[in-house]
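Residue numbers (the numbering used here), protein chains in the order written: chain A, 1 to 206; chain B, 1 to 328.
Mixed in with the good hints, there may be bad ones.
In the DSS-like style, the derived pairs of lysine-lysine whose C-alpha atoms are separated by at most 30 Å in a straight line are [stated by the list, open to error]:
1. B:75 <-> A:34
2. A:49 <-> B:271
3. A:98 <-> B:247
4. B:247 <-> A:49
5. A:98 <-> B:75
6. A:196 <-> B:284
7. B:291 <-> A:190
8. B:75 <-> A:164
9. A:34 <-> B:23
10. B:75 <-> B:247
11. A:172 <-> B:325
12. B:247 <-> A:196
13. A:49 <-> B:315
14. A:162 <-> B:282
15. B:23 <-> A:49
16. B:284 <-> B:75
17. B:271 <-> A:98
18. B:271 <-> B:247
19. B:282 <-> A:196
20. A:196 <-> A:34
21. B:284 <-> B:315
22. B:271 <-> A:196
23. B:247 <-> B:325
24. A:190 <-> B:325
25. B:284 <-> A:34
26. A:49 <-> B:282
27. A:190 <-> B:75
28. B:291 <-> B:271
29. B:325 <-> B:271
30. B:325 <-> B:75
31. A:162 <-> A:196
32. B:247 <-> B:291
33. B:247 <-> A:190
34. A:98 <-> B:284
35. B:325 <-> A:196
36. A:34 <-> B:325
37. A:49 <-> B:75
38. A:164 <-> A:98
39. B:282 <-> A:34
In short, the hints are calculated from the structure, not lab data.
As the structure is a prediction and not an experimental result, all values here were calculated from the model.
Chain by chain, the residues:
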Amino acid sequence: MHGAGSKKDWVLTPTAFDQLLSWLDQGNASGGEKYLEMRRRLVAYFSRKNCPTPDDLADETLNRLARRLEEEGAIDTIEPGHYCYVVARFVLLEFFRKTKSQSLEDLTLLARADTLDRASSESIEREEQERRWQCFQQCMANISSESRELIISYYYGDQGAKIKNRRLLAAKLGITINALSIRAWRIRNKLEACVKRCVGQSEMFS
Amino acid sequence: MREETYNNETLRQYLLGSLPAEKVELFDELSITDDEFANSLAAAENDLVDSYVRGELTGSALANFRSSYLITADKRERVCFAQSLRDFCERSAAAEVDNSLAQSATVTSGEPDKFSPGNIFSRLRLMQWGIAAAMVVLLAVAWLAYYNLRIGRQNSDGRVDTEAKKETNADKGSEVAAVKEQVATTQGERERLEQEANKQKQELTKVEQTPKNRKPTPSGQGVIAALVLSPQVRGIGQFPTFSLPAKAEVVVVQLQLEPSDYSTYSVELLKESSQVLWRSNKIKASGRTLKITFPARLLAPEVFVLQVYGVAPGKSEALGAYPFKVVE
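Work out the full structure: start from the sequences and follow the hints.
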């Protein structure tokens with residue numbers, strides 16, 4: 001059964017979105033965590049390929065998956081992760097064709113020139129730095145004190161001191177270094193997303 | 001996924017684009033399909049960015065990072081975030097120490113948590129303060145001892161040398177007078193120099209404002225006279241052309257923008273084959289004009305396109321294309 005209308009007309013509905021979440025969960029309800037994690041991986045994938053809009057391409061990938069699920073009813077022949085990868089590759093290749101890039105190397109060979117008119121770009125950067133710092137502080141204040149202490153302890157210090165701190169911290173929490181690393185990474189991930197949203201909102205109103 | 005297939009080094013190579021092609025495809029797939037690999041990769045990327053921010057990358061690793069990683073806006077944002085995190089951690093640690101010092105007089109019973117981050121930092125800092133305080137006390141004691149010894153010697157002579165004191169005071173008085181005179185002279189000299197500098201500044205301003213006195217840019221050096229481009233109109237095959245002087249170093253272009261909702265833009269210089277040669281930083285327009293500058297060495301006698309993008313958080317929209325042709 002195929003959906004009415006062309007591919008371009010298709011819109012992600014709440015029902016289709018729920019179907020996508022269930023499919024990604026594979027029977028273990030995660031409250032949307034699997035979706036968020038898959039989206040993060042897709043964004044990182046497109047970012048590694050030097051695509052200028054990795055978020056858009058990740059959303060495009062997930063939209064196509066949702067549309068396919070709605071059309072087919074179910075996708076049982078392939079695991080969600082693998083199917084996401086296959087669709088992501090198609091989206092990437094289409095992106096390259098659209099931008100008429102000859103190869104990945106073309107995207108990466110960008111000569112950044114020294115412009116004479118640095119004044120305007122430097123002042124924009126200063127504004128952005130200030131905005132970013134304010135957002136960072138705001139986002140830090142919004143997480144729990146335990147998370148804040150953990151991440152400060154985890155990332156404080158240079159190479160040698162950092163490793164020692166992490167061992168002590170893991171011992172104190174009664175977890176392995178690996179588990180500590182994952183915990184710190186999740187907190188950092190949330191903070192990065194918070195800062196990105198905050199910076200985006202403050203840019204909109206500046 | 002078995003960890004023998006990858007390690008921190010290979011993950012770093014993958015992130016910096018220096019892994020062999022056959023492994024890249026495998027890692028691409030694992031980064032989406034394998035939980036353990038995806039977590040390890042994310043942690044490796046954070047470690048790499050943190051190393052860069054702390055100045056721990058050197059040599060080819062640093063060069064590689066700059067040329068391969070800092071290419072897109074979202075990766076540069078990750079670096080900025082890592083810098084903020086580093087700064088916040090350092091400031092928090094310092095604040096924690098100050099709090100600990102303030103609370104040190106009211107230590108309550110109960111075993112302190114030796115391994116809490118605050119106590120680790122505060123103990124180290126307390127040691128440092130303690131050593132510094134001990135040194136100050138030692139110096140003070142040494143000075144007092146010396147002073148006492150000196151006074152003792154003076155008193156053992158049995159008399160106070162008032163004449164010597166008077167002479168000393170007189171010397172001091174003339175010394176002060178001499179210093180005052182020197183200060184006055186220096187001040188006068190400074191005022192004179194300031195007046196001279198202001199005069200020269202005014203003269204320079206006059207010279208700059210006089211059109212006749214403006215030195216013409218030597219032909220073929222420095223900036224090419226501004227090239228003004230308008231958006232491409234469909235159906236017109238002819239492009240604006242200009243001749244590139246042989247010794248030109250920089251090209252300045254003014255682009256007339258079409259109305260849009262964007263306040264921030266970026267521009268790409270492309271060959272006719274769509275190969276991107278150069279990309280600008282984010283720039284703001286002046287009214288409906290956008291000014292860009294790029295090295296003249298990127299140009300050759302052929303057709304190029306300047307593609308303008310409107311930039312907003314999380315998106316970039318192609319707005320107008322400005323083709324032009326360079327002739328010999």
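Results of checking the hints against the structure:
no.: 1; hint: B:75 <-> A:34; verdict: 23 Å, holds
no.: 2; hint: A:49 <-> B:271; verdict: 21 Å, holds
no.: 3; hint: A:98 <-> B:247; verdict: 36 Å, violated
no.: 4; hint: B:247 <-> A:49; verdict: 37 Å, violated
no.: 5; hint: A:98 <-> B:75; verdict: 22 Å, holds
no.: 6; hint: A:196 <-> B:284; verdict: 21 Å, holds
no.: 7; hint: B:291 <-> A:190; verdict: 38 Å, violated
no.: 8; hint: B:75 <-> A:164; verdict: 29 Å, holds
no.: 9; hint: A:34 <-> B:23; verdict: 26 Å, holds
no.: 10; hint: B:75 <-> B:247; verdict: 36 Å, violated
no.: 11; hint: A:172 <-> B:325; verdict: 67 Å, violated
no.: 12; hint: B:247 <-> A:196; verdict: 44 Å, violated
no.: 13; hint: A:49 <-> B:315; verdict: 17 Å, holds
no.: 14; hint: A:162 <-> B:282; verdict: 36 Å, violated
no.: 15; hint: B:23 <-> A:49; verdict: 15 Å, holds
no.: 16; hint: B:284 <-> B:75; verdict: 22 Å, holds
no.: 17; hint: B:271 <-> A:98; verdict: 16 Å, holds
no.: 18; hint: B:271 <-> B:247; verdict: 21 Å, holds
no.: 19; hint: B:282 <-> A:196; verdict: 17 Å, holds
no.: 20; hint: A:196 <-> A:34; verdict: 21 Å, holds
no.: 21; hint: B:284 <-> B:315; verdict: 16 Å, holds
no.: 22; hint: B:271 <-> A:196; verdict: 33 Å, violated
no.: 23; hint: B:247 <-> B:325; verdict: 18 Å, holds
no.: 24; hint: A:190 <-> B:325; verdict: 48 Å, violated
no.: 25; hint: B:284 <-> A:34; verdict: 39 Å, violated
no.: 26; hint: A:49 <-> B:282; verdict: 21 Å, holds
no.: 27; hint: A:190 <-> B:75; verdict: 16 Å, holds
no.: 28; hint: B:291 <-> B:271; verdict: 20 Å, holds
no.: 29; hint: B:325 <-> B:271; verdict: 10 Å, holds
no.: 30; hint: B:325 <-> B:75; verdict: 34 Å, violated
no.: 31; hint: A:162 <-> A:196; verdict: 26 Å, holds
no.: 32; hint: B:247 <-> B:291; verdict: 22 Å, holds
no.: 33; hint: B:247 <-> A:190; verdict: 52 Å, violated
no.: 34; hint: A:98 <-> B:284; verdict: 27 Å, holds
no.: 35; hint: B:325 <-> A:196; verdict: 40 Å, violated
no.: 36; hint: A:34 <-> B:325; verdict: 51 Å, violated
no.: 37; hint: A:49 <-> B:75; verdict: 11 Å, holds
no.: 38; hint: A:164 <-> A:98; verdict: 49 Å, violated
no.: 39; hint: B:282 <-> A:34; verdict: 34 Å, violated
Violated hints, in rising order: 3, 4, 7, 10, 11, 12, 14, 22, 24, 25, 30, 33, 35, 36, 38 and 39; the structure is consistent with all others.
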